[in-house]
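Q: The hints should help you fit chain B onto chain A, whose structure is shown.
So the sequences go chain by chain: A and B.
According to the numbering used here, the first sequence is numbered sequentially starting from 213.
According to the numbering used here, the second sequence is numbered sequentially starting from 5.
Think of the hints as simulated: they come from the structure by calculation, not from any bench.
Don't take each hint at face value.
[To be verified] With a cut-off of at most 16 Å between alpha-carbon atoms, the simulated EDC-like pairs for lysine to aspartate or glutamate come out as follows:
#1 B:Lys91 / B:Glu170
#2 B:Lys91 / A:Glu261
#3 B:Lys91 / A:Asp227
#4 B:Lys91 / B:Glu181
[What the hints assert, rightly or not] Selected chain A positions facing chain B (Cβ under 7 Å, derived; list incomplete):
#5 Val225
#6 Thr246
#7 Gly274
#8 Met282
#9 Ile292
#10 Ile294
#11 Thr298
#12 Phe302
#13 Ser312
Glycine included, each C-beta is placed from N, C-alpha and C at the ideal position.
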Amino acid sequence: MSTHKKENTNEHVEDIQHHIKVYMNVFMALAVLTIVTVAVSYLDVSFIEAFFIAITVATIKGSLVLCYFMHLLTERQAIIWILVTTFIAFLILMFIPLISLTDQTSIW
Amino acid sequence: MSNIPYILEERPDTGLNNSKLGIWIFIASEIMLFGGLFSAYVFLRIAAPEGDFDYWGSKLSIPMATFNTLVLITSSVTMVMSWASLKMQQFDKYKMYLGITILCGLAFLVVKYFEYTGKFHHGVYPSSSTFMGIYFTLTGLHVIHIIGGLLVLGFFWTSQADKMWEQDQDLLANRIEITGLYWHFVDLVWIFLFPILYLL
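Chain B with its partners taken away, still in its complex shape:
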C-alpha cells in the first residue's frame, strides 16, 4: 500500500518500525515542551508572594477537574480497547470503542469550556494573576493537544478506516497503536496537571 519502508516491518538496526520510533521521539519532545512549562510553574510558585497561588488556585473547580480526570482515564482505556479489538479482528467493536474515546475527548472539552467561561464571567483572565497566567497556558496547551488528538481519532472513525481495514488490516492496527500512544501521553500530562494546578 505504501512505498515508504519500515512502516510496518521492523528495521534490523533499531528493532522497531519507523512509525513507533517516530511517535516516541515526538513524545520525548512533548515531554520537554510541557517540562519547560512545569519548570516555569515551579519557578513562579517559588517567586510568588506567600498564599498567592493558594488564593487563586482555590478559585478552580475541583469537582469539574476530577470529572475530567475520570473522563480522560476512561478515554485511555477505550483507546487501548479499540486497538485490542482490531487485533482480535472485531472491527465493529473497534468503531464502538473509538467512538466512545472521541465522545470522552469532546466531553473533556465541553467541561473545559464551562470552566474557562466561568472564569471569564467572574472577570478572571490569564492576566489576572501569575497563577492564572500559568494555569491558562498549561491547560490551554493541553486543550490544543486534545483537539489535535480528536482530529486524528475522528479521521480513523470515518469511512477511511473502513477502506484501510479492507485493504491492509495490519496497517490500520499500527495507525491506531501509534495514535493511541499519543492519546495516552495527553492523558499522562493531565494526570500531573490535575494535582499541581487544582489540588496543591
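Chain A with its partners taken away, still in its complex shape:
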C-alpha cells in the first residue's frame, strides 16, 4: 500500500515538473511576444495594420495565459461555458460603439 502511494506521489511530482517546463516556455513566449509588439509599433504601418497586429499578438498572449497559467485547457465544461457566454457578451459590448459609425455615414 505504501509503495503504491509512493509511486503515485512520484508520478504526481513528475507531472508537476513537466508543468513547470511548460510554464517556463510560456513565460519565454510571452516575453518574446511583448518585445515583438513593441518593435512592430515602431514600424511605419497604417493604423489598421498596426491595430490588427497589436490585437492579434495580445490575443495570442492572452490565450497563453488563459490556457496554461489559468489551466483552462484541462478545466471543466461549466467554466468553459461561463467564459464562452461572457466572451459573446463582451463582443457585443465591443461592437456597440460601431453603431455610431453607421449613424455618421447615414446608412440608416
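A: For chain B alone, coordinates are given in the frame of chain A:
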C-alpha cells in the same frame, strides 16, 4: 477546518469546488467591467478629432510600460510556480516564489507612481483630454486591482499561511490556486491595456 461545504471537494452537479466556480464567475463579471471601459475607449476614439488620441498617446512612456508588462508576466509565472511548489510539498519555495510575485506587484506600482507623477508634473491630468480621461480611468482601475491582489498575496505570505500549511495543506494549495487565477486575470487585462493605450 471549515463547515462550509464544497470548499475543497467537488460538487457532484458542477464537477467543481465552489471556490473555483466562484472565482471564475467573479472573473466573468470583471471581464464585463473592463469590457464596458474598453467599449467606452473604442467609442471615444471613434468620436475624437483626427490625431487627438495619437497626440496624447505619444506623451506616454513606452519603455516604462514595456518594463511593467515584463514585470507582470514575471509575476504570473512566479505565481503559478508558488502553486506548483505547494503541490510538490516545497513550502520554502512557495514562500520564495510568492515573495517574488509580491515584489513584482510592488515594482509595477512604483513604476506606475512615477508614470502618474510624471504626467502631473507636466500639467497632464485626467481632465486634460479625452484620451487622458480614459487612460487614467482604465489604468487606475487596473492599479486598484493590483493593490487588491497584493493585499491577498501579502496575507498568504504571512504566518497565517504557515499555520494553514500545518493544519490543512490542500486548503492552502486551493487558496493559492484561486488567488492565482485572479492574479493571472489582472495580468491578462494589462496584456490588452498595454497595446491599446501605449502602442496604437
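Q: Hint by hint, note whether the structure agrees.
A: Evaluation of the provided hints:
no. : hint               : verdict
1   : B:Lys91 / B:Glu170 : holds, 14 Å
2   : B:Lys91 / A:Glu261 : violated, 44 Å
3   : B:Lys91 / A:Asp227 : holds, 10 Å
4   : B:Lys91 / B:Glu181 : holds, 10 Å
5   : Val225             : holds, 6 Å
6   : Thr246             : holds, 5 Å
7   : Gly274             : holds, 5 Å
8   : Met282             : holds, 5 Å
9   : Ile292             : violated, 10 Å
10  : Ile294             : holds, 5 Å
11  : Thr298             : holds, 4 Å
12  : Phe302             : holds, 4 Å
13  : Ser312             : holds, 6 Å
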